[in-house]
Amino acid sequence: MKTWRGLVVPAVAILLWEAALHGVRTQSDTIAAPSAVLASLWRLLSDGTLLRTTFETLTASCLGLALGFGTGVLAGTLLGIFPRAAAYLLTPIELIRPIPSVALIPLSLMAYGFGLSMEAAIVAFATFWPTLILSHTAIAAIDMRLIEVARLLRLGPIARVTKILIPAAMPRILTALRLAIGLALVVAVTVEIAANPQGLGYALIIAQQSLRPGDMLATLIWVGILGWGLNALLVMLERRLSSEQVQTMSEV
Amino acid sequence: MSAATSVLKALAGALAMLAFWFILSHFAIVPRIFLPSPSQTFQALAFGWTDGDLPEQTSATLLRMIEGWLLSSFAGVLVGSAVGISSAARAYLSPTLEFLRPLPASAIIPVAIAVFGLTPEMVLGAVVFGSIWPTLLATVHGFAGIDPRLREVAQTLRLSNLAFVAKIGLPNALPDILSGMRVSMTVALIVTIVGEMITGQSGLGSAILLAGRSFQSSDLFAGLILLGALGVISNVLLRSAERRLLRWQLN
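Those sequence lines, one after another, are chains C and W.
In terms of my numbering, the first sequence has 134 at position 134, counting the first letter as 1, and numbering is strictly consecutive.
In terms of my numbering, the second sequence has 194 at position 194, counting the first letter as 1, and numbering is strictly consecutive.
Quick caveat, the hints were computed from the structure, so don't treat them as lab data.
A virtual CB, placed ideally from N, CA and C, is assigned to each residue, including glycine.
Do not rely on the hints blindly, as some may be mistaken.
Claimed, not checked - Derived coverage of chain C by chain W (criterion: at least 3 residues anywhere in the stretch with Cβ under 8 Å from a Cβ of chain W; other residues may be distant):
| hint | stretch |
| --- | --- |
| 1 | 71–82 |
| 2 | 139–145 |
Said to hold, decoys possible - Pulled a few chain C residues facing chain W out of the computed Cβ check, cut under 10 Å:
| hint | residue |
| --- | --- |
| 3 | P34 |
| 4 | A87 |
| 5 | A111 |
| 6 | V189 |
| 7 | M216 |
Claimed, not checked - Simulated restraints on C-beta separations:
| hint | chain 1 | residue 1 | chain 2 | residue 2 | range |
| --- | --- | --- | --- | --- | --- |
| 8 | W | L70 | C | A20 | 23 to 33 Å |
| 9 | C | E18 | W | E121 | 19 to 29 Å |
| 10 | W | F116 | C | D143 | 47 to 57 Å |
| 11 | C | W42 | W | A75 | 44 to 54 Å |
| 12 | C | L38 | W | E121 | 41 to 51 Å |
| 13 | W | H26 | C | L38 | 53 to 63 Å |
| 14 | W | P171 | C | D29 | 44 to 54 Å |
Put together the whole structure using the sequences plus the hints.
Okay, here's the thing in structure tokens:
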């Protein structure tokens, strides 16, 4: 019932866009009609260009994400376990964290040159800070009674981490992961647009520079579909995981 | 823990960070060409500020960011209120907005260049388009969360749509709007920097790209410190404005 109403606005916009460009006989360097964009999208998909650039972007985002998220969870957990150290470290963190990740593009470019590593490094920097903050709060928000239970049961340090800390902090860390995944894709594309000659972002900018508006808009729409699909998938996964957790909680 | 000791600990942490930086560069643990020493960086910062063009570049970036942010906040609250006021408008528009939201803000820059060329207006337009989403969606979200009883009150009082927005909608959505505007500010700074890097228009974004390309790492770090300061200061200012504006909520 609700679905069709959401489709009205894009459908009307596409029809108007097509109609507006239909009368124009001259070929435009800046804008293409939806039908031409669709044709470009089909061509780029069938000849594998789009899949190759998507693969490049995803490789860089996954590598950066693995680095940034992994170290972020580790550092956040350590800060949560040692609140005394956190009192000293949170200020330097608050001073470094607001540096916009894209400002590190020149630094990373200087250190690594063009390619996978410079892009992955920036994605890692961008995903590290929110992950650190969220996993720190995840650990800090654990019910003190759980820690007391652990003490009563005389759990060793490893058992404390695996049996108490990780399960209790899991929902928040999953939220952090969803945010970090979305951020990783956005940052990777941004780095490619600004500097790095590979992947979807570079495909966008090079299509613009070589006056192929159809390819440019097709790539843009593909980036939109990718981001939207990824977000929908992650929201669904998170919902499923948290509903499972609620179930086991109520069963207990 | 008293306030004084926590300030002391924060200072100690910041000093430890500086010491860590000094050790990394002084003993060349990270090659000097990539990581200048703190003193070189502050010299570059002081020199650029008094004899160079850092003040102009900083103010260019700052103005672009603030201008784009103000425009996008205004437009975001306006469109967000229009969408949020009726559930029908939400049903028609939210899917489109949800599709546009995860799009990287910078991805619009190539399209903007194609349409508007390499002009300052293009960068501003990209900043506005990129940073409008957090505020817009937060406003819609804030309106959606209004207590249905308040809507009924408005109906009973026969408030016009405009009066509903001004008297019930915006005050109730204010917490959401303010936190959305804070995110928008971050996005505005990012798109400003990327826009300057691509178009080469004067500003800190193009300045640090140039410094990096010519391996002037102390100039690069000076620019990074200024950009970080812009991020920290704008965030702190907005947070305190948020606390001040929302004080009535706690009572």
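Cross-check of the supplied hints:
Counting residues of the stretch 71–82 of chain C whose CB lies closer than 8 Å to any CB of chain W gives 0, so the stated coverage by that chain is violated, three being the minimum. With 0 residues having a Cβ less than 8 Å from any Cβ of chain W, the stretch 139–145 of chain C misses the three-residue criterion, and the hint is violated. The criterion of a C-beta within 10 Å of any C-beta in chain W is not met by P34 (chain C), whose closest approach is roughly 14 Å, and the hint is violated. Among the interface hints, the one on A87 (chain C) holds; its C-beta lies about 5 Å from the nearest C-beta in chain W, closer than the 10 Å criterion.
At its closest, the beta carbon of A111 (chain C) sits 5 Å from a beta carbon of chain W; the interface hint therefore holds under the 10 Å criterion. For V189 (chain C), the interface hint holds, the least distance from its beta-carbon to any beta-carbon of chain W being 4 Å, beneath 10 Å. Given the 10 Å rule on beta carbons, the hint for M216 (chain C) holds: about 6 Å separates it from the nearest Cβ of chain W. Take L70 (chain W) and A20 (chain C): their Cβ atoms lie about 31 Å apart, and the range 23 to 33 Å holds.
For E18 (chain C) and E121 (chain W), the Cβ-Cβ distance of about 27 Å falls inside the hinted range of 19 to 29 Å, so the restraint holds. Taken as a hint, the range 47 to 57 Å holds for the pair F116 (chain W) and D143 (chain C), whose Cβ atoms sit roughly 55 Å apart. Roughly 35 Å separates the CB atoms of W42 (chain C) and A75 (chain W), a value that falls outside the hinted 44 to 54 Å. Between L38 (chain C) and E121 (chain W) the CB atoms are about 30 Å apart, so this pair departs from the stated range of 41 to 51 Å.
Hint check: H26 (chain W) to L38 (chain C), Cβ distance near 59 Å, so the stated range 53 to 63 Å holds. The hint said 44 to 54 Å for the Cβ distance between P171 (chain W) and D29 (chain C), and at roughly 48 Å that hint holds.
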